[in-house]
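**Q** For reference, the chains in residue letters:
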Amino acid sequence: MRELLRRYQFLLLTIILVLATVILYSYNLRQKTATTFFERAVLTFAAPFQSSIDGIADTVSETWRNYLWLVDARQRNLELEQENLELHSQLQQVQEISLQNERLRKLLAFVDDLDRPALPAQVIGEDASNWARTIIIDKGIRAGLRNGSPVVAAQGVVGRIIKIAPDSSRVLLITDASSAIAALIQRTRTRGIARGRGADLSIEYALRDADIQIGDLLVTSGMGGVFPKGLPLGQIKSVEKDQFGLFQRVKAMPAVDFSHLEEVMVIVGENQ
Amino acid sequence: MKGFFLFMLTGIFFALLQSSVLPLFLSPNWRPNLILILILYLGLSENLPRALITGLLLGALQDSFCGPSLGLYVSVYLVIVLVTRVLSENLNIESPSLLLLLIAAGTLLQNLLVGFYLTVLADSAPVLHILLPALPKQLLINIIFSAIFLVLLLRFQRLFGYRSGLAGLIYQSKHHGS
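Respectively, the protein sequence lines represent chains A and B. Numbered per numbering that gives the first Met the number 0, the first sequence spans residues 0 to 271. Numbered per numbering that gives the first Met the number 0, the second sequence spans residues 0 to 177.
Bear in mind the hints are in silico, worked out from the structure with no lab data behind them. Take every hint as true, because none was put in to throw you off.
Label-pair ranges, simulated between beta-carbon atoms:
1) S26(B) to K236(A): 14 to 22 Å
2) T9(B) to V225(A): 37 to 45 Å
3) E93(B) to P119(A): 48 to 56 Å
4) E61(A) to L153(B): 48 to 56 Å
5) A104(B) to G223(A): 35 to 43 Å
Okay, the calculated bits of chain B under chain A, using three or more residues with CB under 8 Å as the criterion:
6) 16-23
7) 27-39
8) 59-69
9) 113-121
Backbone N, C-alpha and C define an ideal beta-carbon position, used for all residues, glycine too.
Produce the entire structure from the sequences given, and follow the hints as far as they go.
**A** Written out as structure tokens, the structure reads:
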């Protein structure tokens with residue numbers, strides 16, 4: 000028995016001490032208004048010290064106010080400068096909101112033409128590599144988005160969601176090398192596949208004798224079921240034809256400026 | 000264990016920096032791959048099992064912050080850690096200029112592996128149109144950032160201690176080669 004007590008001496012002591020403090024606390028809870036001997040002793044002992052400290056504090060404070068008042072003036076000046084800065088910052092914020100409002104209006108006007116419900120989202124991050132072209136937006140499953148949802152901006156197609164989390168999503172841009180979208184030339188209805196090349200798009204499988212001119216608008220064909228038909232993808236910037244071969248080499252500039260992308264719309268509903 | 004968490008926390012910090020802060024100032028081709036620098040450093044300063052495990056996790060971390068699929072950087076960094084280990088046994092890695100050369104070689108190897116994996120396995124051949132023109136800029140910016148890190152490291156090495164698993168510039172880590 001003694002051996003057991005010696006072995007668990009520390010543990011037993013701890014338990015006893017904890018229990019003792021708990022009992023003491025619960026006892027004192029019942030005696031709220033009564034001052035115990037211990038409390039009275041502490042108060043009595045501390046009173047002169049507290050009084051002295053209070054006196055010293057008053058003296059220091061008075062000296063500070065009377066003789067070093069210039070510091071107060073300087074402080075006031077600093078406060079006013081700070082207030083001025085804050086007001087200036089607020090003014091800039093108002094201007095920023097006004098610009099954002101304008102961009103959102105354009106975005107909404109674009110989405111209204113689609114006749115499909117869409118959800119606005121903010122771009123909160125970009126790809127951590129130099130070769131992949133993805134962005135992160137601040138909406139996810141909780142907002143009703145799902146993998147594959149098309150993402151657009153006021154100028155045209157941005158990409159589609161490839162990874163989704165409760166409150167954020169990763170969007171594969173149309174300029175990514177792994178992105179391929181069924182497209183057609185708006186003027187001639189020539190079909191092709193728009194593949195990403197980092198900064199621009201290459202139109203694959205455009206037949207050699209098809210009529211494609213520089214400046215033609217490239218739009219989604221609606222094939223594949225991801226993107227609605229007729230959304231702008233870009234504008235043709237070069238057309239090359241080899242002496243032989245079935246297809247011509249066509250490049251297009253994306254309609255969206257991805258380096259200045261801040262707000263996007265995610266198309267969530269089906270065709271109406 | 001402390002070293003492992005330090006590397007992971009630095010990796011997370013770098014990943015956030017690369018995806019949220021650097022894009023505000025730098026175009027994609029001019030963004031350094033800070034995690035690659037960390038991986039090379041890891042390969043030089045930690046023992047093999049720890050370097051491998053941390054390297055794999057950092058790869059998974061980078062995969063989560065870029066590209067469409069998980070596993071690319073896990074594999075790429077595994078190779079880079081192994082190559083770095085083999086090289087470090089035979090090189091005087093205490094020389095800062097040699098470290099910068101290693102960073103350049105690491106950048107080339109990483110681009111080569113990414114290009115290979117994406118072209119052969121992911122059927123994303125157009126990625127070469129992105130990777131190749133960006134390579135000189137990537138080399139330059141990675142070397143510049145590594146040089147900055149080296150200067151900072153040499154300056155603060157006394158604070159961290161020479162043998163706390165950092166650097167391998169004045170003295171190698173105690174874990175190195177064990």
